[in-house]
Structures are given as structure tokens and as C-alpha cells.
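Undergrad: So you can see what is in the structure, the chains are spelled out below.
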Amino acid sequence: MDPLIFSRMQFGANISFHILFPTITIALGWVLLFFKLRYNATNDSAWMRAYFTWVKVFALSFAMGVVSGVTMSFQFGTNWPGYMEHVGNIAGPLLAYEILTAFFLEAAFLGIMLFGFRRVSNRVHTLATVLVAGGTTVSAFWIIALNSWMQTPAGFEMRDGVAHAVDWWAIVFNPSMPYRLVHMLLASGLTVSFLIAGLSALRYLKGDRSESMWKALRTGVFTAAILIPIQILAGDQHGLNTLEHQPQKIAAMEANWNTGPNVPLVLFALPDEAARENRFEVAIPDGASLILRHSTDGVVPGLNDYPGNHPPVFPLFWSFRIMVGTGLLMLAVSWSAAFFLKRRHTLPRPLAMLMVPMALSGWLATLAGWYTTEIGRQPWLVTGVLKTADAVGPVAGSHVALTLAVYLILYVLLLIAYLGVLVHLALKAAKDGDTSPLPGVLNAALSQPAAGE
Amino acid sequence: MTYDWPILLPLIFAGLMGLAILIYVILDGFDLGIGILFSLAEDTEQDTMIAAIGPFWDANETWLVLAVGLLLVAFPLAHGVILTALYIPVFVLLVGLILRGVAFDFRAKVPAGKKHRWNRIFFLGSLIASLAQGYMLGVYVLGLDIRPGGMAFGVLVAFCLAAAYAAMGAAWVIYKTEGALQKKAVGWLRTALVLTALGMAAVSLATPFASPRIFAKWFVWPQMLYLSPLPILSALLFVWLWRQTFHLPRPDDRHALTPFLTLAAIFALGFAGLAWSFYPFVVPDRLTIWQAAAATESLAIILAGTVVVLPIIIFYSFYAYRVFGGKATDLTYD
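Top line first, the protein sequences correspond to chains A and B. Going by the working numbering, the first residue of the first sequence is number 1, and it counts up by one from there. Going by the working numbering, the first residue of the second sequence is number 1001, and it counts up by one from there.
The following block holds chain A by itself, in its conformation from the complex (with noise of 0.2 Å):
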């Protein structure tokens, strides 16, 4: 069994799960942040409620990325040890980086935001949530830096084989990182208010008319409602950084196999490699040329072009349709839903229903996104330095396949555990609505009250 390939399918098993929970919780930090301070402005309860719902589903979902982060820890020793061997210079710094100004910061302080309410003064909790969701941001940004220098590597030099850092700056704000950075941030805002969107709607169809489920509903729909314009445009933006500096991945995106003007955009093909063209091709002419280069007789570079050096073609060709299907279908959805909220106070039950399963959408397009970037990246684990092939370590591929299966079998138990949750906390707070008792009243001793009790 060839250890390659099992070590590609557990390390990508192992991110698609860990990334998940992470892109939860970045945006999930300042939407709690936002419950407290209308809370602190108004004494609105309501306010509080919602924050005590969804704090739980944050607490949830970090636990869950803690973990499935420790196991990423590890998984660079245990199966790619090539790859700190040759860019640990450049890697190194980055992850310690990332752990002692984010990891310690969200754990120590997510105790307080989570059972402290009453312990400390409502300030020193606002700060809390405040340093919590900093952190997760924070981490996010060492994280993106040191895979956006993966993708587009800047600010070094090769001595023997390996990489020694000349410029941190340049290292840190490589030439994708910003793009990445924001169209990752914006995600993250998109699956979290997509998520409270659409369990809030569960609790809506279940009859729930509570102050706190509207103000969750209408905090999700909002902010779902503006940020997915923003998304668009910079996913434009991070498209044309991609074409300047990965034009392969580009090219493989779009399966466009010939470098040359008008250019049509595929919109159904099943690429076949093998036969280097497109079967059953349904496409818009010169709609890449006039995407990717603003006029239809603009030059898109083509995948013959890298013989042997350009990604699989036909995965990166579908994740990302499904990326910006889900996009589309995110900007309908939030739109037709933010129109009824404000026009006429009111949601539609068959929008209601289908805002439910789109509480997921997030996580497909987020999903779907990263697979286009990271299998994009193929053969190369560090473009141009590193191939993935060279970094895997010489571990039996029986032993592999193994605890992939393992892990396998533990990701998918997990998600449907998690997920059951979710649905439970909806449920519950459906029932309850309004009439739930705030927590923490039993040793409202210890600290402040709550408003309005």
C-alpha cells in the first residue's frame, strides 16, 4: 500500500474535519461579542438569552476544534516529516506564532466567557468575549500566512535542500495572504450567520416567536445578507491573485486546456485528463476571458501549458462550481429572507424550510473552497520549493490506512453526535423560548445578577 496517498486522504480527512469547527468559531466569537454589547446598551434579556444559546454551541464546536487541532499537531511529524525538515525555518516561527499569541489566549480566557458571567464584573466578561474572539482571529491570521506562503512562498532563501527565512514581513504578507485571508474571514462570518440563520428557523418552524429567536434570526439573516456581496467580490479579487500567481490552478478551475483569447466559461464539463479535453461541455463564450480578464479577448492560461506540473483537473473543476453554487444560492437565500424580515416581519414557511438545511451551506462552499486552493497547490506542498511526494515520512502504508480508517469512523460519529446536538439546543430553546430561565441564578451570589430579574 502506497503510504502517499493514504497520507494525503488522513491529512485531508483530518483538516476537512478540524477546519469545520474553527471556521465556527472565528465569526462565532464576534456575534457573541455583538449579543453582549446590544445587551450592555439595551438590558435587554433577550439579548442574553440568545447569547447563552449560542455560547453553548461555541463552547461545542471549540472543544471540538481543540481537539481535532491537537491531532493536526502531530500529523505533520507522523506523516510528513519532509516537510519541517525542509521549511520548518520558515513554518516554525509561524505556528509558535500562532500558539502563544492565539491558542492560550482563546483557552485561558474561554473559561471566564463560558462559566464566568457571574464571577467576574460584566466588563471584565465583555473583555473576555472580547480576547476570545480576538484570538481566534489572531490564529486564523498565522494560520492563512503560513499556508498562503505555501501556496505563493516569498521571503526566503534555499541553502542545501532547505529553507532559511531573509524577510519576515515579506514572509508573513506574502502576495495571496491578504486575499486569503479576508475571503476566509468572510466565510467564516457566512457559515456562522448562515448556521444561526437556519437554526433559528428550525426554532421558528416549531412555532417559537421568542424575542431571543428573532433577534438571532435577524442577526444571522443581516449580517448573511451583507457579507455574502462582500464575499463575492473578494473571491473575484482572490481569483485574479490566483491567476498572476498559480495561472496552473487557474487554468484547472476553469479546465481550460489551451492558453488563448475568448476563452468560454465551462459551466458543465467532466474533464478527462487522460484525453486532455472536455466532455459533454456546456459553456458561456468568452465568459472566462471576460471574468478573468475584464474583456472577451483576454489571454487565460491553459493547462498544456504544465505538462505533468499542473493539479488534477477534475476535482478542482467541480469544488469549485460547488464553491460558487453554494455562493449563489447564499446570496438568493439571505436576500429573499433579509426582503421579508424587514419589509413584512415575517418569514415564509418554505423559505423558513429550506433556510434550515442551507444552516450547512457554509461549511459545503468553505469545504468545497479549500479543496479548490489546497488540491490546486498539487504535486507541489511548498510551490515550487517542496513536492508533496518528497515531505512523507516512512511510515508502513498499512499502518496508514488503518488509522485513517479510524479516524474515518470517529469523524463521521462525532458530526452526527454534533450535529444532533445542535438540532437538541434548537429544540430546546424552541420550547423554552423566552420563559427559560437565565443560568447561573442558583449562585447569583457570586456576582451580578442579570438584568430584568
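No lab work stands behind these hints, which were simulated from the structure alone. Incorrect hints may appear among the rest.
[Unchecked claim] Within a straight-line C-alpha distance of at most 20 Å, the following computed PhoX-like cross-link-like pairs (lysine-lysine) qualify:
(1) Lys56(A) <-> Lys428(A)
(2) Lys428(A) <-> Lys1217(B)
(3) Lys1115(B) <-> Lys56(A)
(4) Lys56(A) <-> Lys1114(B)
(5) Lys1114(B) <-> Lys428(A)
(6) Lys428(A) <-> Lys206(A)
Keeping the supplied structure of chain A fixed, place chain B upon it in accordance with the hints.
TA: Relative to chain A, chain B alone:
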């Protein structure tokens, strides 16, 4: 030996990594230990025990990420060698940590009927993670020996470490609870201490046979004299703690934290002994810390950040422990 940066930096990082591992073992030791003791506790006691560690466990586990992170960033060559050699035990450790980490949250959020299942998973995950850590330590001590002898030694250390973690967990329960559960924890502590002592005796007897190298490092004159305080002090603390268990809990709950601090001191002494056994190797007998170290300029930039940030981390970790000081009450999101 001249003391310039290429010599000093790997030493500093070996020290930092050792510190991170020690803090991890002490802090996650007590919450893993509480997981192991979970199987012995009643339903309501389990809630209190969770409340005693709930606000801390995330931060505790972060020290493991820091330790592995430092190994990864400061000694990239060693990171690969050690972790590929320990591929399966690392995997078992991770599965254990994943299970217990999520069980923490799931048990509090699932419908009441399913809580029992997650309690079991929490216990199993904690036990598996502790055993895996001990096994890895044993195999590592012998220079990543994965022949049957090395594996048997690993199993021995695994049980010893799990017992020691259980003792830490019991000591933490004594500190954080009161009444019947606290009394029960004193009993757990006593049993765990006996098992730890048996395990440590077995490990001490086995080490000279299993690793002549370590034996030679300890039993030569005059090092033996300088090193003698380590085992003697450990033994004295151990016996003293054992005697204390007959008087706990004290009136007014005085000295409730003493057992935990004593155990932490014993861990620190044992750790110093281990460090002496390895120095200057990071992969026993194969790679010294200088051979495995990353480039000097990379280490320097990490050190700059560490010097600034680590004291802040320690400061706010203390703050978080202080906020949740005192006896554990029901853990609510408040």
C-alpha cells in the same frame, strides 16, 4: 565550549520545551486523572468533578500543543524521527484526547438519557490518553526501542503514569470539593499512591536492565552524590504525603491544596531526573539538541516572541485559576 547563540539557543529551547511538558503533565495530569477516577464516582459526584476542571482543561491541553509545537519548530529533525517511530501510540493518544475532549461538552448538552454514554467515553478517553502517554514515555526513555522488551517496559510505565495521574486527579478533587466526595477522594489518593509507588519501584528496577546507558549515567561517582537529592527528596515527599492522607481532610479544610502541590513537586523532581538521563540528546543516542535544532535566526525570532508572551500567558493563566478558585459548584454557563 563557547557560549554563543548557536550553542545557547538550542539549550534554551530544550529548557522551554521541558518546562512546557512539565506544566502539561502537572496540569493535564489532574484533569486526565479525574477522567480515570470518573468510573469510581456516582452521578452527582461526576458533575462536581467536571465542574472542578471545566474552566481549565482547554488551557491545560494547550500546553501539550506548545510542547509539541516547540519540538516541531525548534527541533524539526527530532520531531519527525520521534513521531514516526511512535506513530501508532501517538494515534492512540490522539483518539483518547479527542474522545475525552468532546465528551466534556457533549455530556452536558445531550438529552439526559444519553449523558451516561458520554460519561463512559470521558473515562475511556482519559484512560487511553494517559496509558498512551506513559507508553510513549517508556519507549522514548529506552531510545525509541520498539522490540518486545522495550514495549513491555512501555506498558509498565504506562500503568505507572496512569496511576500517578489518578493520584493527581484525586488530589485536585480534595482541593476543589468538600464533604463526602472529598473524603472519597482521600481514599482514591491513597490507592493511587500505592499503585504509583509499585509502578515506580518496578520502573526503577527495570531501567538498569533495559537501558545500560541511563544506568551508567546515574551510577558513577561523583555524579551519584550530586544526583542523590533527587531520589531521596522524592521518596521523602512521597512518604510524607502518604502519612498526610490519614489526616485529611483537616478541620476548616486547611492544607487542602497540599497533596496536589506535593505531587507536583514529585513530578518536577522526577522530570529533572529524566532530563539528566537524556541530556544532551533529544532523540536518545541519535540526535543531540544541536544536531536537531532549527536555524539560529528562526530560533531567535521565536525566542523574541516567547520571552514577551510566555510571562503574559503564565500571568493570565493564574488569573483564570483565581477566578475559579475555591470549591467547585455546579458548572453553569454564567
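Undergrad: For every hint, state whether the structure bears it out.
TA: Comparing the hints with the structure gives:
The suggested pairing of Lys56(A) with Lys428(A) holds, with an alpha-carbon distance near 12 Å, which does not exceed 20 Å. With a CA separation close to 62 Å, the supplied pair Lys428(A) and Lys1217(B) exceeds the 20 Å bound. Annotation: proposed proximity of Lys1115(B) to Lys56(A) holds, straight-line Cα distance about 16 Å (limit 20 Å). Proposed proximity of Lys56(A) and Lys1114(B) is supported: the alpha carbons are some 17 Å apart, at most 20 Å.
As the CA atoms of Lys1114(B) and Lys428(A) are separated by approximately 15 Å, the hinted pair is consistent with the 20 Å bound. Between Lys428(A) and Lys206(A) the CA atoms are separated by roughly 10 Å; this keeps the pair inside 20 Å, and the hint holds.
When the structure is compared with the earlier hints, a violation turns up for hint 2 alone.
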